[in-house]
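Sequence lines, in order, name chains A and B. Mapped onto our numbering, the consecutive letters of the first sequence carry residue numbers 1 to 204. Mapped onto our numbering, the consecutive letters of the second sequence carry residue numbers 1 to 204.
Hints in this document: simulated from the structure, not taken from any laboratory. It is possible that some hints are incorrect.
Same chains, same names: a pair is fine if it fits in one copy or spans any two.
With a Cα cut of at most 25 Å, we get these calculated SDA-like pairs of lysine to any residue [what the hints assert, rightly or not]:
#: 1; residue 1: Lys77; residue 2: Ser129
#: 2; residue 1: Lys33; residue 2: Glu144
#: 3; residue 1: Lys77; residue 2: Pro175
#: 4; residue 1: Lys33; residue 2: Glu143
It should be emphasised that the depicted structure is a prediction, and the values quoted were computed from it without experimental measurement.
2 protein chains.
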Amino acid sequence: MDEDVPRKRGPYARSAERRRAIVDAALEVFAAKGYLAGSLQDIADRIGVSQTSLLHYFPRKRDLLLAVLDQRDAVDKPPAGLSFPDDVLAQADLNARHHGLPELYTVLCGESVTEGHPAREHFARRFASLRDQYADELRGLAEEGRLRPGIEPSIAATGLIAIRDGLQTQWLLDPDVDVTAGLRAYLALILVDAPESEASVTPR
Amino acid sequence: MDEDVPRKRGPYARSAERRRAIVDAALEVFAAKGYLAGSLQDIADRIGVSQTSLLHYFPRKRDLLLAVLDQRDAVDKPPAGLSFPDDVLAQADLNARHHGLPELYTVLCGESVTEGHPAREHFARRFASLRDQYADELRGLAEEGRLRPGIEPSIAATGLIAIRDGLQTQWLLDPDVDVTAGLRAYLALILVDAPESEASVTPR
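All chains should be modelled from the sequences, with the hints used to inform the complete structure.
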């Protein structure tokens with residue numbers, strides 16, 4: 001068999017591809033309308049499949065939501081080896097460049113506080129885990145003497161996550177709001193040696 | 001005519017009362033499901049009127065949304081005469097006590113970033129106006145020497161609004177998150193003489 005002739009892809013590859021196309025379409029629909037108002041029909045229409053076909057892959061709409069959230073969490077990460085403050089800034093930069101992802105995050109996170117929302121648990125766990133992780137990072141910086149005196153790592157960790165989310169929402173409503181400048185300013189308030197220039201993070 | 005006998009209320013009073021009941025019901029429905037997924041039928045059902053009757057008062061669903069947002073803006077304000085930092089803390093305290101209002105704010109603000117959302121303009125204008133107002137307040141404090149050196153009033157104003165919103169979202173998903181403690185910590189970072197105790201704000 002000639003190795004240069006592409007082999008026909010088997011049913012597994014086709015199935016994985018279809019699954020991926022459905023999740024991509026769902027991400028766009030949920031980012032544009034939210035989960036509650038974005039319908040399975042909207043998603044099926046976007047890729048020209050039937051609702052029945054879609055339900056074969058995702059029996060319940062909430063399964064699709066969880067797949068979308070997993071995909072969102074799996075997008076580009078900043079390069080390894082950055083310091084914690086640089087990593088936070090680089091992550092914010094990357095997020096801003098994924099058209100649709102900041103919208104998706106903002107609308108789903110907002111919706112998640114409503115009664116019985118299927119993403120509530122996801123966001124509650126995500127925030128709790130981020131708070132722990134950031135507080136650990138800040139405690140590490142405190143041990144190196146890089147946290148300003150009087151800063152409580154767990155309160156500053158919660159604040160850092162809060163200010164990032166709040167800045168992103170304001171930016172989505174007004175592109176003149178500078179998320180990176182806001183984050184830098186916050187880091188400068190809590191750190192002795194906060195990153196000053198853009199050189200250390202992913203270039204625009 | 002005996003002044004103690006209550007007069008029959010005229011059609012205007014009944015109409016205003018009905019209107020108010022509709023807005024209250026809409027607020028509850030939008031807080032529980034968001035605007036996009038909360039239906040006029042849900043709202044009509046909640047107060048036992050027909051959709052036709054509801055549409056008599058609010059011809060379009062978006063008119064009802066704007067009435068809900070106006071009502072939200074008109075709720076209790078902190079007492080006059082508080083300093084800016086105390087006012088910010090007192091407002092956060094008051095918000096937290098209005099069951100449903102923080103949820104309403106979070107879900108509608110999140111939804112407002114979606115395509116063509118009727119509350120987009122409301123939130124964009126609200127944020128722009130708050131940023132201006134807070135920056136003015138911080139410039140005033142700077143002139144009195146109460147802002148820490150190196151703090152840029154407009155960036156700190158944007159950050160204060162962002163951290164408040166972000167903390168509120170985290171608190172809605174986990175009641176152990178302390179919005180007031182987070183706001184106090186932020187104010188302590190930017191002000192020379194931030195409020196220390198709870199005594200100065202509305203008591204719990």
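**Message:** Could you work out which of the previously given hints the structure breaks and list their numbers from low to high?
**Reply:** 2 and 4
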